[in-house]
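Spelled out, the chains give:
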Amino acid sequence: MMSAFLFCTFLGLLLFLAFALLALTQFPHRRVTGTAELLPRRVTQVRLLAGLLLVVTLGLAIWNEGGGFGFLLWASLLSLTACAVAFVLGWWAGLLVPLARVMLNPHPLLAVVSLLPGSGRQPD
Amino acid sequence: MKQDFRRSMGWLHTWAGVVLGSILFAIFWMGTLSVFDSEIDLWMKPATRLAPAVSTLPLESFRSSLEEAISAKAAFWNVTLPSDRDAVFHTHYGTRKKTIIRDIDPVTGRELPDAGTLGATGFIFPFHYTLNTELMNLGECVVGLASMAMLVLCVTGVIIHRKIFVDFFTFRPRANPRRLLLDLHNISGVFGLPFHIVLTFSGLVILGATYFPAGVSAVYPNTRAYFFDSNGLSFLSVKHGNPGAPVVSLDETAMRARSLWGGDEPHLVLVANPGMTTSRIAFFRGNERQVVVDRDVVAFDGPTGELLSRSPRLTPIMRAQRFLSGVHLIEFHHWVLRWLYFVLGLGSCVLIATGFLFWLESRRKKQGENFGFRLVEGLTAGSVTGIILATLAFFIANRLLPPGAQVFGLERAALEVWAFYLVWIAAFLHGWMWPRRVWIGQSAAISALALTAVVLNWITTGDHPLHTLFHRYLWPVAGMDGVLLAGGALALLTAVKLSRRMQNGAVGSRPVASETA
Chain A
1 MMSAFLFCTF LGLLLFLAFA LLALTQFPHR RVTGTAELLP RRVTQVRLLA
51 GLLLVVTLGL AIWNEGGGFG FLLWASLLSL TACAVAFVLG WWAGLLVPLA
101 RVMLNPHPLL AVVSLLPGSG RQPD
Chain B
1 MKQDFRRSMG WLHTWAGVVL GSILFAIFWM GTLSVFDSEI DLWMKPATRL
51 APAVSTLPLE SFRSSLEEAI SAKAAFWNVT LPSDRDAVFH THYGTRKKTI
101 IRDIDPVTGR ELPDAGTLGA TGFIFPFHYT LNTELMNLGE CVVGLASMAM
151 LVLCVTGVII HRKIFVDFFT FRPRANPRRL LLDLHNISGV FGLPFHIVLT
201 FSGLVILGAT YFPAGVSAVY PNTRAYFFDS NGLSFLSVKH GNPGAPVVSL
251 DETAMRARSL WGGDEPHLVL VANPGMTTSR IAFFRGNERQ VVVDRDVVAF
301 DGPTGELLSR SPRLTPIMRA QRFLSGVHLI EFHHWVLRWL YFVLGLGSCV
351 LIATGFLFWL ESRRKKQGEN FGFRLVEGLT AGSVTGIILA TLAFFIANRL
401 LPPGAQVFGL ERAALEVWAF YLVWIAAFLH GWMWPRRVWI GQSAAISALA
451 LTAVVLNWIT TGDHPLHTLF HRYLWPVAGM DGVLLAGGAL ALLTAVKLSR
501 RMQNGAVGSR PVASETA
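Residue numbers (our numbering), protein chains in the order written: chain A, 1 to 124; chain B, 1 to 517.
Calculated from the structure, these hints are not laboratory results. Wrong hints could be hidden among the right ones.
Claimed, not checked - Just so you have them, the derived chain B footprint on chain A, three or more residues with Cβ under 8 angstroms: (1) 4-10; (2) 23-37; (3) 66-75; (4) 81-92.
To be verified - Simulated DEER-style distance windows between Cβ atoms: (5) A:His107 to B:Val198: 37 to 47 angstroms; (6) A:Phe87 to B:Leu151: 25 to 35 angstroms; (7) A:Phe7 to B:Asp4: 44 to 54 angstroms; (8) B:Ile197 to A:Arg41: 28 to 38 angstroms; (9) B:Ile425 to A:Trp91: 36 to 46 angstroms; (10) B:Met255 to A:Trp92: 57 to 67 angstroms; (11) A:Gly94 to B:His467: 34 to 44 angstroms; (12) B:Ile197 to A:Gln45: 25 to 35 angstroms.
Each residue gets a CB set at the ideal place from its N, CA and C atoms; glycine is no exception.
Using the sequences and the hints given, assemble the complete structure.
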């Protein structure tokens with residue numbers, strides 16, 4: 001039961017990330033997070049990445065839980081995580097500011113690394 | 001033209017929602033609770049709160065119960081085996097006059113005291129699809145009509161939502177109440193759309209033969225024949241036979257059923273026509289590890305033990321039907337998915353409730369004094385917070401009524417149901433008579449009743465939330481108490497916020513003549 005719970009949490013986090021990326025390509029939500037609007041090209045890239053994440057999570061769910069349970073789990077989490085993104089944007093938009101900033105960076109992976117604790121510190 | 005179409009759909013969405021919203025809320029609320037029907041049963045029947053047995057009792061332990069059914073000339077006898085959701089055995093037999101159900105300790109085999117309740121499986125779940133109205137299948141027909149209306153509401157809702165993609169993640173908690181309600185309605189509607197459509201459609205599929213009997217009557221001589229054939233129970237269509245025939249060993253036949261299933265365990269053992277020369281023993285395989293409800297049934301001749309039949313493999317169409325049934329009935333054991341269903345079910349309730357509230361808020365200023373407005377206002381309170389209060393009253397009556405209680409010839413189980421209906425009616429009356437403070441009053445009442453239910457459970461059984469949390473087999477009780485406490489806290493928060501808002505004059509600014517006079 002615990003492994004199923006952990007797997008679902010992992011799946012939920014990936015789906016949350018996918019929906020958060022989708023939401024942060026929209027102007028009203030970027031304004032709420034206080035970040036600049038994305039260029040159209042970047043919007044397309046981010047939306048493709050989010051779409052890919054959605055497909056990958058479906059594959060992961062079916063691979064781990066089987067066809068029936070996997071699809072049901074994915075579809076249920078899809079609804080809940082999208083709802084969670086809307087609530088976070090409504091109540092605690094500040095939580096998504098780092099992600100919104102990462103999306104602005106021309107090299108998002110490097111930007112993610114720079115956000116990790118201690119990554120910007122010089123050796124003594 | 002386009003605008004006219006959208007306006008027409010808007011009209012249909014509004015009025016289908018207002019007219020059938022109350023029934024839809026009752027269906028979805030009871031359906032949501034039915035997700036945890038076995039767990040609610042455990043809460044309502046404290047004697048069944050037992051740790052699971054290490055090894056299950058042999059089926060022959062129930063021979064005396066079977067003999068009792070034979071001497072009572074029962075038409076059938078069955079035993080439900082324990083599972084990870086229900087630790088006890090249940091024996092069940094029915095004569096023409098009555099049905100006898102008993103709960104059996106899985107370790108000692110002794111009969112557990114009768115809880116005197118219908119529980120969730122006997123009241124909440126049937127209410128979900130019959131509205132507790134069995135006269136001429138009226139309840140099922142109303143549920144079918146409401147379900148079709150729900151599908152119409154889903155489609156029209158998408159059509160009238162002008163900015164479905166632009167507003168996809170839009171939720172403005174600090175906006176005015178009307179805007180906030182519409183955002184909540186849109187969020188619960190759009191994000192829960194797959195759930196609303198699939199669950200509603202699968203519900204219609206399950207009861208399809210009731211709503212569309214023409215297909216069944218074209219193929220089968222009667223509905224009984226259809227029922228037997230579609231459920232792999234054709235072995236039951238035999239004549240009554242003569243009495244005095246023995247029933248072979250249940251354990252031996254069970255072993256043969258297991259070997260046919262490759263080691264899978266039966267969930268239910270049925271003896272039809274017990275004690276007659278035509279008796280049949282049937283083993284129903286459990287569906288815990290799959291979504292599809294395939295009802296694999298192995299049947300033996302009762303007096304000889306000869307293998308009679310096994311359900312044929314499902315055709316693709318039947319498999320699709322059984323998959324949809326499985327998606328709706330949730331007979332599988334997957335805890336995470338079960339909780340997700342529960343939360344999504346609550347989301348459906350939020351969708352219906354916010355639809356009602358948005359209708360009220362949109363018309364409060366202009367039509368606040370109209371009879372129609374007042375009617376819908378009371379109807380909304382009774383349908384939304386009223387049914388929640390009624391359900392809590394059902395739980396509280398269960399913990400308060402002494403064993404064997406009888407009032408005016410009504411037995412304990414019937415008294416619990418009466419408590420439900422009386423509180424529900426009172427909530428409607430409250431909504432119609434004192435509409436100004438109805439939401440504050442009923443939210444506060446929900447909070448108080450939820451807390452009372454938890455405390456009463458503690459006092460009457462000794463199972464307080466900390467105790468149940470630290471014993472694995474009591475987790476369903478802990479879950480029930482936890483949901484009651486969380487729901488109670490949320491209701492209290494709602495009552496406090498509404499009360500503050502009313503003091504600030506933001507809500508309920510409409511003076512109600514009957515109250516201000």
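**Message:** Just to make sure I understand the rule, a stretch counts as covered if three or more of its residues have a C-beta closer than 8 angstroms to a C-beta of the chain. Does the region 4-10 of chain A meet that for chain B?
**Reply:** holds (count 3)
**Item:** Coverage criterion applied to the region 23-37 of chain A (partner chain B; beta-carbon cut 8 angstroms; 3 residues)
**Value:** With 4 residues in contact (Cβ-Cβ under 8 angstroms with chain B), the coverage given for the region 23-37 of chain A holds.
**Item:** Pairwise beta carbon distance, Ile425 (chain B) to Trp91 (chain A), judged against the given window 36 to 46 angstroms
**Value:** holds, 38 angstroms
**Prompt:** Within the assertion that chain B covers the region 81-92 of chain A, do at least three residues meet a Cβ-to-Cβ distance smaller than 8 angstroms?
**Reply:** That given contact holds, which follows from 8 residues of the region 81-92 of chain A lying within Cβ reach (below 8 angstroms) of chain B.
**Request:** Kindly confirm whether 34 to 44 angstroms is satisfied by the beta carbon distance between Gly94 (chain A) and His467 (chain B).
**Result:** Given about 40 angstroms between the Cβ atoms, the range holds.
**Request:** State, for the Cβ atoms of Phe87 (chain A) and Leu151 (chain B), whether the hinted interval 25 to 35 angstroms holds or is violated.
**Result:** This hint holds: roughly 27 angstroms between Cβ atoms.
**Request:** Take a look at whether the Cβ-Cβ distance between Ile197 (chain B) and Gln45 (chain A) falls inside 25 to 35 angstroms.
**Result:** Given range 25 to 35 angstroms: holds, Cβ gap about 32 angstroms.
**Request:** Using the beta carbons of Phe7 (chain A) and Asp4 (chain B), state whether their distance is inside 44 to 54 angstroms or not.
**Result:** About 49 angstroms separates the Cβ atoms of Phe7 (chain A) and Asp4 (chain B), which means 44 to 54 angstroms holds.
**Request:** Return holds or violated for the Cβ distance of Ile197 (chain B) and Arg41 (chain A) against the range 28 to 38 angstroms.
**Result:** holds, 35 angstroms
**Asked** At the C-beta level, are His107 (chain A) and Val198 (chain B) separated by a distance inside 37 to 47 angstroms?
**Response** holds, 42 angstroms
**57 to 67 angstroms as the expected CB spacing between Trp92 (chain A) and Met255 (chain B), which holds or is violated** = Since Met255 (chain B) and Trp92 (chain A) have Cβ atoms about 59 angstroms apart, the given range 57 to 67 angstroms holds.
**Request:** Examine the region 66-75 of chain A: at least three residues should have C-beta closer than 8 angstroms to a C-beta of chain B.
**Result:** holds (count 5)
Checked against the numbered hints above, the structure violates none of them.
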